[in-house]
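Since each chain sits alone in its own frame, please combine them into the complex, following the hints.
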Amino acid sequence: MRRISPIQRFKMMNPIIQLFKFFILSIKVMVIVAGGHGGTRKAN
Amino acid sequence: MSKIVVLGAGISGHVAASHLRRKLSKEHEVIVVSPNSNYQWIPSNIWVGIGRMPSKKILFPLAPLYKKKGIDFKQAKAISFHPEGDEKESKPYVVAEYVTGDKQGTQEKVTYDYLINATGPKLNFEATNGLIPGKNKTYSVCTYTHAEHAWNGLNKVIQEMKQGKKAKILIGTGHAKATCQGAAFEYILNVEQELRRHKVRDMAEVTWISNEYKLGDFGMDGMLMSYGSITMKSSEMVEMIFEDRDIKWILGAGVNKIEDGIAHYENLEGETKTILYDFAMLIPSFSGHGFKAFDKNNQDITDRLFKGFMIVDADYTPRPYEEWTVQDWPETYQNPSYKNIFAPGIAFAPPHTISKPRKNKNGTEIFPSPPRTGMPSGITAKLVADNIIDSIKSGKESLKHKGSMGNMGAACIASAGYGLLDGSGISITTFPIIPDYKKYSDTQGRHLGKTFGSIGLAGHWLKLALHYAFIYKAKMKPFWWLIPE
Ligand SMILES: Cc1cc2nc3c(=O)[nH]c(=O)nc-3n(C[C@H](O)[C@H](O)[C@H](O)COP(=O)(O)OP(=O)(O)OC[C@H]3O[C@@H](n4cnc5c(N)ncnc54)[C@H](O)[C@@H]3O)c2cc1C
Numbered sequence: 000m001r002r003i004s005p006i007q008r009f010k011m012m013n014p015i016i017q018l019f020k021f022f023i024l025s026i027k028v029m030v031i032v033a034g035g036h037g038g039t040r041k042a043n
Numbered sequence: 000m001s002k003i004v005v006l007g008a009g010i011s012g013h014v015a016a017s018h019l020r021r022k023l024s025k026e027h028e029v030i031v032v033s034p035n036s037n038y039q040w041i042p043s044n045i046w047v048g049i050g051r052m053p054s055k056k057i058l059f060p061l062a063p064l065y066k067k068k069g070i071d072f073k074q075a076k077a078i079s080f081h082p083e084g085d086e087k088e089s090k091p092y093v094v095a096e097y098v099t100g101d102k103q104g105t106q107e108k109v110t111y112d113y114l115i116n117a118t119g120p121k122l123n124f125e126a127t128n129g130l131i132p133g134k135n136k137t138y139s140v141c142t143y144t145h146a147e148h149a150w151n152g153l154n155k156v157i158q159e160m161k162q163g164k165k166a167k168i169l170i171g172t173g174h175a176k177a178t179c180q181g182a183a184f185e186y187i188l189n190v191e192q193e194l195r196r197h198k199v200r201d202m203a204e205v206t207w208i209s210n211e212y213k214l215g216d217f218g219m220d221g222m223l224m225s226y227g228s229i230t231m232k233s234s235e236m237v238e239m240i241f242e243d244r245d246i247k248w249i250l251g252a253g254v255n256k257i258e259d260g261i262a263h264y265e266n267l268e269g270e271t272k273t274i275l276y277d278f279a280m281l282i283p284s285f286s287g288h289g290f291k292a293f294d295k296n297n298q299d300i301t302d303r304l305f306k307g308f309m310i311v312d313a314d315y316t317p318r319p320y321e322e323w324t325v326q327d328w329p330e331t332y333q334n335p336s337y338k339n340i341f342a343p344g345i346a347f348a349p350p351h352t353i354s355k356p357r358k359n360k361n362g363t364e365i366f367p368s369p370p371r372t373g374m375p376s377g378i379t380a381k382l383v384a385d386n387i388i389d390s391i392k393s394g395k396e397s398l399k400h401k402g403s404m405g406n407m408g409a410a411c412i413a414s415a416g417y418g419l420l421d422g423s424g425i426s427i428t429t430f431p432i433i434p435d436y437k438k439y440s441d442t443q444g445r446h447l448g449k450t451f452g453s454i455g456l457a458g459h460w461l462k463l464a465l466h467y468a469f470i471y472k473a474k475m476k477p478f479w480w481l482i483p484e
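In the order they appear, the protein sequences are chains P and L. Just so it is clear: in the first sequence, position 25 is 24 by numbering that gives the first Met the number 0, and no numbers are missing. Just so it is clear: in the second sequence, position 26 is 25 by numbering that gives the first Met the number 0, and no numbers are missing.
Hint data in this document are derived by calculation from the structure and do not stem from the laboratory. Any given hint might turn out to be false.
Computed spacing ranges between beta-carbons, pair by pair [as the list claims (entries may be wrong)]:
| hint | chain 1 | residue 1 | chain 2 | residue 2 | range |
| --- | --- | --- | --- | --- | --- |
| 1 | L | D314 | P | I6 | 43 to 51 Å |
| 2 | L | T99 | P | I6 | 50 to 58 Å |
| 3 | L | D314 | P | S25 | 18 to 26 Å |
| 4 | P | G34 | L | K360 | 39 to 47 Å |
| 5 | P | S25 | L | G163 | 39 to 47 Å |
| 6 | P | P5 | L | D71 | 52 to 60 Å |
| 7 | P | I26 | L | I229 | 44 to 52 Å |
| 8 | P | R2 | L | K272 | 24 to 32 Å |
| 9 | L | Y467 | P | I26 | 15 to 23 Å |
Beta carbons are placed, not taken as given, at the ideal position from N, Cα and C, and that holds for glycine.
Bound-form chain L, shown alone (with noise of 0.2 Å):
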């Protein structure tokens, strides 16, 4: 009998203990160990940020499904690693800590033959002084809550400019190392299109800010594409989208200070600037969430294991950026310290970013961290799963399966605009999502017919389908698994 604790439910925990309890029989256990009651669809939180799709679509109970499903649920979180045990335990544990019910703020030890840390991204908003979702005219979709937040903030600013009142909308990246532009770029065309349908567009400044050097850069160094009949830059395509939509842009601007109204940054010229807002939502930079681990003598060996993030089978030796290569990104996600312990998803520590590094004057760095999309998070914590699921039927390490973000593509259907006969989706597929410049030398690294970029009503469309399907597939309806991640 195996005992596989998993913690986090978010896109990636989630489909790794799905896969878990379909794949195992009942004599393994299955626990999941995740502080949020809730399984939440993060994408369809840019509807929520807008008014259109209330949280309650997006989210669904994990409890009643786990227990219908034979996973365990603990809900707590986890707060360090003994992946020795110790003394009195000779089995490895994580140390977790109840957040709610009777057993709140009690700590359990919680032992596993395997681990899958898949606790994703701590939203590190600490790092930008005043950077506080709800405070200060800033907001954040990072999460359902806050996504109803900057709604509130959203309608508010609305209808004063209802009133008359012009406004100043800032969307865009609030650390200097952010990531997640595509989010943040998905929210500003959906806000920009809800002006219109309220009537208010003329009466509002809406400008993106942004770490990137380029536009569309999305933290992957931009990417050649197939746009129709035509091959495009990701630039050329999101700038003729903004100025269509009369959206204006700050580049390589790490926002580092948040007033009430006044988000301030440095460029990379080495300038300090402000610039005055009435509406923000900023995605803030993600970080590790600070785990510690001991080995059985309770000594620290948290460098062992965590990099910020996870260390997994990346190879993280320094190098500059001309020397970085495909094959230092991982591929079976396991740590190589402890064989039994895997990171997919945003969890594990990438070897590097994947958009060129880039520093002012004074020495700031700014520019993109890598970004893992849900599909990417999906399609590594299925891997997982299934080498754990292999190596317990075969009683030995099997670690066949591999996805490297090298070797993997994905979908970034972004929404520009909800509605079912005038909403707009921007499509845009990266194969691979790392650039292979060896491989693919002259198309920036990426194959050009699996990389591409459509603009239309069918984008929304498809990004709709997806949310349903999405959540069909998390709820473990019948054939969910046939949904591929």
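So that you can see chain P by itself, here it is in the shape it has in the complex (with noise of 0.2 Å):
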């Protein structure tokens, strides 16, 4: 069944939107990741 219409995958897989998207994939998850991390006891 075909779920991912025809403009989406080629968007998925699209060489200068996905360079873009590349960038913009690694700052998220660097952010995220190396964001910081702590304990949860003494914060809630």
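Structure below.
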């Protein structure tokens, strides 16, 4: 069953669009992962 | 002078040992005890298992690196823990048995001031009757040798399909309480793409079998996430992907027996069923290694150190699912009985699962065990190393560095197909890993801005970039420590 439309698929696989996505994704992932961690017991 | 012994050289053991060595002067000893001669970047096993990456690209030998960096390496496996020493040995120690070379089979008492147990999981294939990697047409991708065998098995089936034989492919979890659904998810998508690349997709029926209650649970109770401009459930996202790729699914399945090409399972409705296959990759259950521990009088104190995995600063009080909180999860990974023992990565005993526990009418529990992926494994190992370093430098116990999985993000960059221009990846970030239903009460326990999903080629590039970055880091090349865990 085709659940991903041709236009969505084009966006998912277009190297130019995806290159931008790659940079954005890398930054977002970095912010979440390297953005710090800590305890939970005192904070709450 | 302090002596720090690290058991295991996987993601967490290696991260701990490398940070300890970098930050501690040479008067302090760092010793790694691990049975495998190689470091392996496990996440890339997926690509070994589809024949797109040779295993030599995901591993390197540890001994030369450790020699160069001043880390003592014993290719041995820990057998028992003696945190008080014994009548003859006043210092705490572990008994390790060499697995190779002249000393093979000999046992040694390895004394320590600090001990990091980073032995990860035992791949408990025995828990499922007949589930043996490379036998009964079932395979695993949990180690690089398993992944190589998996590719041989898959390739054989692909060649048969090219000759006109139809095939059934089954991928998922091989036990009612298995974890690591993410790895199986990556593998099924990669296999599906390879079948298309080999032009045999129409000859294969591809089925996902899992102990999850819903698709996209991933052992993390699923997640609500931002997807582009909308908010989506992980179950909806995975359903969209599976339907789009014509992958069938069986959920709530506890696989309990494997025969040649037949998987037997029980489901949440209490029914006993079977499914036939020509190739299966099923993740086994993970368990502790069955270590024993003894006090100085040689009395068994295993239950002070282990609850399957190692006991740490978690709240293990049994409580119903509705009463679980993020505060139950450990922050320092320190054993409460022996303060100089720590267990980061998969080696620590989780207080409970993350996914809702479920039982069928026959009393069989079918739900995922909690995953501890690479990122939290690395982060928890580094914070353990940092606390030990601070304690050594200050001369008193320091537990300043904390990292609960309830206050930590993780990124799961799931490869969905290999290829520089036709590859794909499903990137999912989650914050926090353990849902905090109090703090994020209307978004299913997660911070929506930091929990998102994205599908596309960029995900594949990111996974590939992470592969090279983490191998660079693991090889301790210049400025390796700037790459975050
Ligand atoms: C196929 C696959 C794909 C994955 N993909 C991803 C991914 O994309 N992203 C992600 O974040 N995570 C992923 N994971 C999960 C990730 O690999 C684990 O979270 C991580 O390896 C856990 O690290 P660890 O150091 O705790 O355990 P391990 O990596 O298992 O290391 C344990 C170490 O202990 C050693 N050891 C075992 N027994 C003994 C003993 N008796 N004495 C001494 N040493 C011992 C072992 O040889 C090993 O060196 C994947 C896992 C699999 C199986």
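Identify every previously stated hint that the structure contradicts and give their numbers, smallest first. 3, 7
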